[in-house]
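Trainee: Following the hints, position chain X against chain D.
What follows is each chain in one-letter form.
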Amino acid sequence: MNQQLPMVIVVLPLFGTIAGFCTGWWARKMPFILAIMALGGSFTGAVVVASGVMKTGPLHYHISGWIPPFGIEYRIDHLNALLLVLISFLALATAVYARSSVEKEMPDRVFLFWCLYLLLITGLLGIAVTGDLFNLFVLLEVASLAGYALVAAGDRRAAVAGFRYLVIGTVGACFYLLGVGYLYIATGTLNIKDLAVLLPPLYGSGTVITAFIFILAGLAIKIALFPFHAWQPDAYTHAPSAVSVIISTAAAKTFTYALIRVMFSVFTIDFMRSNAPMTGVVCWTGAASIIIGSVYAIAQDNLKRMLAYSSIANVGYLVLGIGLCGATSLGLKPVVVHLVNHALIKGAMFMAACAVIYRQELRHISGLQGLSRQMPVTALMLVLASLSMIGLPPGGGFVSKWYLILASIESGQWGFVAVIFVSTLLMLVYFWRVIEMIYIRPPLSEPAPVTRWSGEQPLGMMIPCVVLSVLSFAIGLVWMSGALDGLIQGVNLNFGLGGVP
Amino acid sequence: MEIFQIWVLPRLNYLIYIFLMLLGLYGMLVKRNYMKKVIGLNILQTAIILFFISTAAKIGATIPIIANHEHHGSHAAVNAVQYINPLPHVLMLTAIVVAVATLGVALAMVIRIYQLFSTIEEDQVLLQLRRETLVADAKESFHD
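Quick mapping for you: the protein sequence lines, in order, are chains D and X. Under my numbering, think of the first position of the first sequence as 0, with each following residue one higher. Under my numbering, think of the first position of the second sequence as 260, with each following residue one higher.
Same shape as in the complex, but just chain D (with noise of 0.2 Å):
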């Protein structure tokens, strides 16, 4: 059994899925007991891989036995370990929350989102699992298919974004399968392991830097990094509440993993080194994207929007990291801190915003004067993981900035540290309007008389809300405080990263 766990963990959302689509047209409760329970099982099967990776090392499955580089492999190491642990836990806390928001925004269509969820879910593990390029392009059309129609199920403006993110979304995994194409003509094999013995001496072909442009712009478009993000702020912000929450951080997080894989495993440090205005190119746009996200977050007063571009600034951070990372000691260890802290704590910004809009229909910063008294928990929530995303010790958020700032001035670029600065303090401004109203202003007319918790989110959205923004915060000492060195160590030396620069 413990063999086959690496398939297993994958082929339960899809088996939810059908079952979902079986039963759900007389059954209306079983799509969500069933998505419960695959989730469920993936959540148990992603840790016990996990300490098995830990403990072992990196563990391979070959698909009904095909030896790779013939067959298609699954291959697990410890950053794959991490990030299935990390999908599945955020599938099931939004899962958990999922249940209230969809009986009430799409309440004719509860089962079918359960169906498109688990699917979406399906592609997500399978790319977190995958070691083979070809494999990655479908598992990422299957999770983006899945969210297109995600996003389209909310209301008139939901429609239009969707449409939008399909047309964008499908140019990347174009751009992405064309990169793919030219690693296929240029060295005949499409498994992860075997293209990174085989590309080394083909380094400086035009084909291989081709592929590589290809592949970095498509899954650009796909995490929403700046100069492509035109899609995302309008997904983000139109999308059904389940829905914002799980590709605002389950989704953008795996589509980053697939791009640390290809860049690290396919493409090796040696190539980015070797190729060195590459580094450059990708750090700078890093910083461009913090900027400019930080930016035009300030001018939203939509919550929702706000958060989305906040979530391009926070690419930024990761894609800053990704650069950065040749040139330190710490390696990935920016990056993958910032990539769990990240989802955790946009995780219960979103789930909070959207239980505003579930509860008071306050879509606007503007509106949320006297929310405190209203929506305590929820309120009490937001501020929490907004101070943990501004950097307030010890919350996650301040972790990320930490690491990212020694990998900075360890590699010499003072410009990125200032970066970091100014986007701290832009970070400060456009989540202190969101404290100052539901906190210090007072409400604008005095509310009828209700008793306190009236107006409060129901139990099965509040409790994952606050599991994540409590973790949020947790998650930073538990990085300081060493436990998961052993992982990030094993992340490291799996890419050739972290040594002495």
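Hint data in this document are derived by calculation from the structure and do not stem from the laboratory. All the pointers check out, no bait thrown in.
Below 20 Å or equal to it, Euclidean Cα-Cα: the simulated EDC-like pairs (lysine to aspartate or glutamate) are:
1) D:Lys103 to D:Asp154
2) X:Lys290 to X:Asp382
3) X:Lys398 to D:Asp300
4) D:Lys54 to D:Asp484
5) X:Lys290 to X:Glu381
6) X:Lys398 to D:Glu360
The structure presented is a predicted model; accordingly, all values stated were derived computationally and were not measured.
Mentor: What follows is chain X alone, placed relative to chain D:
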């Protein structure tokens, strides 16, 4: 003519692929009609399929099927140079499935947009949305 034979003809597939790809991108990004965008999307995906298939071709090679050994043992194309590469074809089979799924989702969304807005011209949809925003804002400020 000389140039055509030496340079263009061996690259004809790839030139067509580049042309189709640019055509598809143009359609998706410039056309203001949602249906035309979907068509552009499909052209782009077809261009990539043409590209992959072109890479598999070899002059004078046969199909990658091992002939009946008992009667004509010598007909089996067992050396890689003797048969065309089947892998890109198989990959594109999967890519076609992905393209069909994308097309299905895209068409469903266009239908939904048409149901909601009674038009599939992007300009008119955006105009309607802008008008709604203005009305909503006016209402909000009225209440204030």
